[in-house]
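Work out the full structure: start from the sequences and follow the hints.
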Amino acid sequence: ESGLPSSPLTLRIVAECPVTKARVCDLILPHCTVNTPVFMPVGTQGTLKGITVDQLEDLGCQICLGNTYHLGMRPGPDLIEKANDLHGFMNWKRNLLTDSGGFQMVSLVELSEVTEEGVKFKSPYDGKEILLSPEKSISIQNSLGSDIMMQLDDVVSSTVTGPRVEEAMHRSVRWLDRCIAANKNPHKQNLFAIIQGGLNSKLRKACLDEMTKRDVPGFAIGGLSGGEEKDDFWRMVTLSTDHLPREKPRYLMGVGYAVDLVVCVALGCDMFDCVFPTRTARFGSALVPWGSLQVKQKQYAKDFQPIDPDCQCPTCKRHSRAYLHALFKSDTAAMHHVTIHNISYQLTLMRSVRQSIMEGRFPEFIQSFMKRMFPSRDQYPSWTVDALASVNITLQ
Amino acid sequence: MAGGRMQLELSRVVQGRSRLGVLKGLGRTGQHSLEVPGCLLYTHFGTVPHLTQDTLHTLRNLPSVTQVTLSNIAEHQEVLEEFKDGFRKFAGLHDTVVYCSLHDPATLCPTGYTTNKTVSVWGSGGRIELTVAKFMALQKTVQPDWYQSMADGETWQNSTSRKRVRKSVDRTLAHLDECLLVHQKSQELDGVEVFGVVEGGDILEERVRSARETAKRPVAGFCLDGLQTASMDQRLRTQLITAVNKELPEDKPRLLQGVGRPDEVLACVEAGVDLFESFFPFQVTERGCALCFSFDISPDPERAGRAPPEVLELSEEKDAAGDTKQNGDLNHDDQTQMTSFEINLKDKRYQDDFRPLVEGCGCYCCKNHQRAYLHHLLVTNELLAGVLLMIHNTSHYHGFFSALREALAKDKLDLLKTRVLRAGAQQMEREEQDG
Numbered sequence: 001e002s003g004l005p006s007s008p009l010t011l012r013i014v015a016e017c018p019v020t021k022a023r024v025c026d027l028i029l030p031h032c033t034v035n036t037p038v039f040m041p042v043g044t045q046g047t048l049k050g051i052t053v054d055q056l057e058d059l060g061c062q063i064c065l066g067n068t069y070h071l072g073m074r075p076g077p078d079l080i081e082k083a084n085d086l087h088g089f090m091n092w093k094r095n096l097l098t099d100s101g102g103f104q105m106v107s108l109v110e111l112s113e114v115t116e117e118g119v120k121f122k123s124p125y126d127g128k129e130i131l132l133s134p135e136k137s138i139s140i141q142n143s144l145g146s147d148i149m150m151q152l153d154d155v156v157s158s159t160v161t162g163p164r165v166e167e168a169m170h171r172s173v174r175w176l177d178r179c180i181a182a183n184k185n186p187h188k189q190n191l192f193a194i195i196q197g198g199l200n201s202k203l204r205k206a207c208l209d210e211m212t213k214r215d216v217p218g219f220a221i222g223g224l225s226g227g228e229e230k231d232d233f234w235r236m237v238t239l240s241t242d243h244l245p246r247e248k249p250r251y252l253m254g255v256g257y258a259v260d261l262v263v264c265v266a267l268g269c270d271m272f273d274c275v276f277p278t279r280t281a282r283f284g285s286a287l288v289p290w291g292s293l294q295v296k297q298k299q300y301a302k303d304f305q306p307i308d309p310d311c312q313c314p315t316c317k318r319h320s321r322a323y324l325h326a327l328f329k330s331d332t333a334a335m336h337h338v339t340i341h342n343i344s345y346q347l348t349l350m351r352s353v354r355q356s357i358m359e360g361r362f363p364e365f366i367q368s369f370m371k372r373m374f375p376s377r378d379q380y381p382s383w384t385v386d387a388l389a390s391v392n393i394t395l396q
Numbered sequence: 001m002a003g004g005r006m007q008l009e010l011s012r013v014v015q016g017r018s019r020l021g022v023l024k025g026l027g028r029t030g031q032h033s034l035e036v037p038g039c040l041l042y043t044h045f046g047t048v049p050h051l052t053q054d055t056l057h058t059l060r061n062l063p064s065v066t067q068v069t070l071s072n073i074a075e076h077q078e079v080l081e082e083f084k085d086g087f088r089k090f091a092g093l094h095d096t097v098v099y100c101s102l103h104d105p106a107t108l109c110p111t112g113y114t115t116n117k118t119v120s121v122w123g124s125g126g127r128i129e130l131t132v133a134k135f136m137a138l139q140k141t142v143q144p145d146w147y148q149s150m151a152d153g154e155t156w157q158n159s160t161s162r163k164r165v166r167k168s169v170d171r172t173l174a175h176l177d178e179c180l181l182v183h184q185k186s187q188e189l190d191g192v193e194v195f196g197v198v199e200g201g202d203i204l205e206e207r208v209r210s211a212r213e214t215a216k217r218p219v220a221g222f223c224l225d226g227l228q229t230a231s232m233d234q235r236l237r238t239q240l241i242t243a244v245n246k247e248l249p250e251d252k253p254r255l256l257q258g259v260g261r262p263d264e265v266l267a268c269v270e271a272g273v274d275l276f277e278s279f280f281p282f283q284v285t286e287r288g289c290a291l292c293f294s295f296d297i298s299p300d301p302e303r304a305g306r307a308p309p310e311v312l313e314l315s316e317e318k319d320a321a322g323d324t325k326q327n328g329d330l331n332h333d334d335q336t337q338m339t340s341f342e343i344n345l346k347d348k349r350y351q352d353d354f355r356p357l358v359e360g361c362g363c364y365c366c367k368n369h370q371r372a373y374l375h376h377l378l379v380t381n382e383l384l385a386g387v388l389l390m391i392h393n394t395s396h397y398h399g400f401f402s403a404l405r406e407a408l409a410k411d412k413l414d415l416l417k418t419r420v421l422r423a424g425a426q427q428m429e430r431e432e433q434d435g
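Those sequence lines, one after another, are chains A and B. When the letters of the first sequence are read in order and numbered with full-length UniProt numbering, they come out as residues 1 to 396. When the letters of the second sequence are read in order and numbered with full-length UniProt numbering, they come out as residues 1 to 435.
Simulated from the structure, these hints should not be mistaken for laboratory data. One should not assume that every hint holds.
Unchecked claim - Think about it this way: if two alpha-carbon atoms lie no more than 35 Å apart in a straight line, the pair counts; the simulated DSBU-like pairs of lysine-lysine are:
1. A:Lys298 <-> B:Lys117
2. A:Lys302 <-> B:Lys140
3. B:Lys412 <-> A:Lys329
4. B:Lys246 <-> A:Lys329
5. B:Lys140 <-> A:Lys82
6. A:Lys298 <-> B:Lys89
7. B:Lys84 <-> B:Lys246
8. A:Lys120 <-> B:Lys346
9. A:Lys296 <-> B:Lys134
Quick look at the structure:
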């Protein structure tokens with residue numbers, strides 16, 4: 001399945017929740033259709049931490065992420081081009097989304113300097129000075145051949161306030177235009193804009209007004225999920241979805257905790273990514289409908305149930321908490337078992353959300369989801385109560 | 001007899017020593033079998049290193065016998081006792097024969113902790129001391145289909161005295177007798193096979209004594225221990241094994257512990273060994289390497305009419321830089337040293353090599369991925385490297401054993417030896433040319 005020659009992305013809205021802002025869509029991309037709402041696992045360096053592409057496919061994953069910064073450094077865009085782009089290099093036959101490299105720039109690299117030109121930094125591998133400009137980022141992403149590319153944005157931490165936030169917002173708009181101009185493959189690769197503006201409604205609204213004037217196939221909500229108060233977070237999310245076009249996908253970057261996913265679907269987001277589920281797996285933390293389970297803890301040494309008795313993933317069908325607990329002392333495969341479980345958990349959650357929206361029972365789904373996740377009503381985080389109330393859900 | 005239905009059916013004995021056949025009657029219900037010469041499936045606590053069920057089952061024709069070790073299991077005794085239903089069920093191992101050995105063959109233990117009544121294993125939390133009583137309690141809890149008796153094999157160091165070697169033989173026999181006593185009284189171990197362990201260091205007389213004495217006991221087969229050091233000359237090893245096997249009944253299997261390099265396997269099969277542990281592919285994986293030696297014995301029209309290629313001496317090896325190294329020069333602790341049977345994928349030359357690890361290899365890794373990708377995974381320290389390499393190396397190694405059996409069946413052992421040993425050197429040359 002692929003879009004029309006002139007459009008490598010088609011969004012079909014399959015269902016809309018009459019109560020909240022949630023939607024169910026089929027996102028038709030060059031490599032296959034993606035059912036939304038969707039959680040996209042992150043495969044930073046062209047691999048999903050110990051999981052083969054077959055295993056990922058078997059879990060039902062239709063799209064995952066690669067990291068432009070990491071892959072741009074090693075093995076580099078030229079080699080990946082020779083390998084028939086990132087799909088060919090990792091042998092992943094479904095969709096890929098690459099971020100711009102901007103976030104890693106400011107979060108991973110010391111002494112990076114942002115100018116109108118781009119982001120200047122020192123390579124951690126050979127100390128050379130590198131400039132990541134909008135043009136350079138798109139060039140790398142063109143070589144990677146991802147189905148969805150992200151613009152290079154001027155990333156500012158959500159805890160920063162003052163004129164820097166406004167400067168970054170305006171610069172992100174200018175960089176969006178440069179990215180659009182630099183895209184060599186508009187018929188094969190989709191370039192998404194990233195809405196900035198920090199936690200300032202005025203700035204965010206201004207950014208939305210400007211960026212929605214550009215004809216891009218999709219929008220990401222950026223600059224959030226970075227340690228800001230959840231109370232501010234949800235308000236920016238819902239403000240953004242209020243002003244993004246209905247018929248284009250909304251990608252909320254860096255969000256992946258189960259509760260956040262469910263609430264933000266209710267607020268109108270379609271796509272999500274986060275390293276958390278796969279990263280936490282390697283520490284033995286298994287995600288379950290009632291929170292998480294630290295398999296390495298002593299209490300599980302003699303627990304002969306699977307991680308989640310209701311889970312259908314390969315790990316839960318064969319292994320017990322006790323076995324995994326012990327295996328963590330002997331072999332790396334223990335991490336892989338939990339990684340598989342966590343990806344399965346995330347994808348299954350989104351599938352259930354999708355199903356409930358299509359069947360017109362998303363509000364009921366939210367109620368039972370929250371009940372399962374928290375010991376009692378007074379333990380529901382207040383931001384979730386407020387956020388859901390804003391879309392007509394009164395948590396019981 | 002203490003055991004069950006294990007039976008060795010030999011179809012050929014080549015040149016009086018190399019044996020070809022099938023080990024039948026394995027498992028509680030006796031329905032499993034294992035072709036010999038063959039290897040067991042090496043695991044950490046029931047898991048093939050790096051692999052989950054899905055990745056493991058991309059491999060065809062896995063050995064029907066899974067090896068687990070007390071090094072991994074001993075610290076979990078309490079958990080298994082509470083579980084009650086045995087290790088196989090605890091680990092989710094369906095339909096396989098479980099063989100329990102004392103030590104993990106991939107790691108040499110610290111020495112100096114063995115006593116007259118105890119041996120020690122090292123778990124994740126440190127040293128665990130085993131008396132025969134504790135050893136047998138573990139076996140009753142693990143409920144393997146087959147296990148090796150408790151043994152003192154701490155004779156592999158170069159400086160081991162004759163007195164120490166003699167002690168290891170005496171102790172091992174004493175342990176065996178005690179184990180068998182407990183075994184015969186245990187209902188939980190009804191139908192479970194026991195292997196006696198032949199010790200004797202590098203002293204011929206002690207080897208013979210150990211073999212003779214062990215053969216008198218009612219065991220289903222024999223483990224040959226204490227021969228695993230890389231610093232033992234293969235010629236000496238062959239000599240000792242040959243002498244040992246002369247004392248052992250022909251109709252019982254011989255399992256050689258701690259030896260896995262392809263050239264050594266060939267030599268030991270020629271000395272009459274039937275079974276090996278398959279830890280070698282794991283060691284290759286851990287150093288980021290891929291097995292690539294040829295074991296192809298099909299008739300090759302291209303080679304017909306040309307003079308046979310030089311056969312490499314067993315004691316010579318070339319490292320990646322082309323320098324010759326004697327077997328005996330290898331640090332006996334350094335089983336991590338790369339061999340001539342593998343390629344080092346971290347090497348820069350593989351950065352843009354888009355070929356599979358081994359042309360014509362049908363494993364999941366070779367069917368789906370290229371050297372350049374493996375190189376990238378290794379350089380970036382990605383976990384997937386271990387997964388893919390383990391799949392390939394396991395597949396390649398078991399393919400080698402398959403070829404070995406075929407060679408014995410068709411009288412082509414010399415051809416196989418030429419391929420395996422020569423291929424090592426050829427590989428090195430090719431690498432140098434490409435680089």
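Okay, the hints, checked on the actual structure:
Straight-line distance between C-alpha atoms of lysine 298 of chain A and lysine 117 of chain B comes to about 32 Å, which keeps the hinted pair within the 35 Å bound. For the hint pairing lysine 302 of chain A with lysine 140 of chain B, the CA-to-CA distance comes to about 18 Å; that is within 35 Å, so the pair holds. For the given pair, lysine 412 of chain B sits about 44 Å from lysine 329 of chain A by alpha-carbon distance, which is inconsistent with the 35 Å threshold. At roughly 42 Å between alpha-carbon atoms, lysine 246 of chain B and lysine 329 of chain A are farther apart than 35 Å, so this suggested pair is violated.
Proposed proximity of lysine 140 of chain B and lysine 82 of chain A is contradicted: the alpha carbons are some 57 Å apart, above 35 Å. In summary, the hint linking lysine 298 of chain A to lysine 89 of chain B is supported, as the alpha carbons are separated by about 21 Å, within the 35 Å threshold. Among the hinted pairs, lysine 84 of chain B with lysine 246 of chain B is inconsistent with the structure: their alpha-carbon atoms are about 41 Å apart, more than 35 Å. A hinted pair counts as satisfied when its Cα atoms are at most 35 Å apart, and lysine 120 of chain A with lysine 346 of chain B qualifies at roughly 30 Å.
Simply put, lysine 296 of chain A and lysine 134 of chain B have alpha-carbon atoms about 26 Å apart, close enough for the 35 Å limit, and the pair holds.
Violated hints for the displayed structure, listed by number in ascending order: 3, 4, 5, 7.
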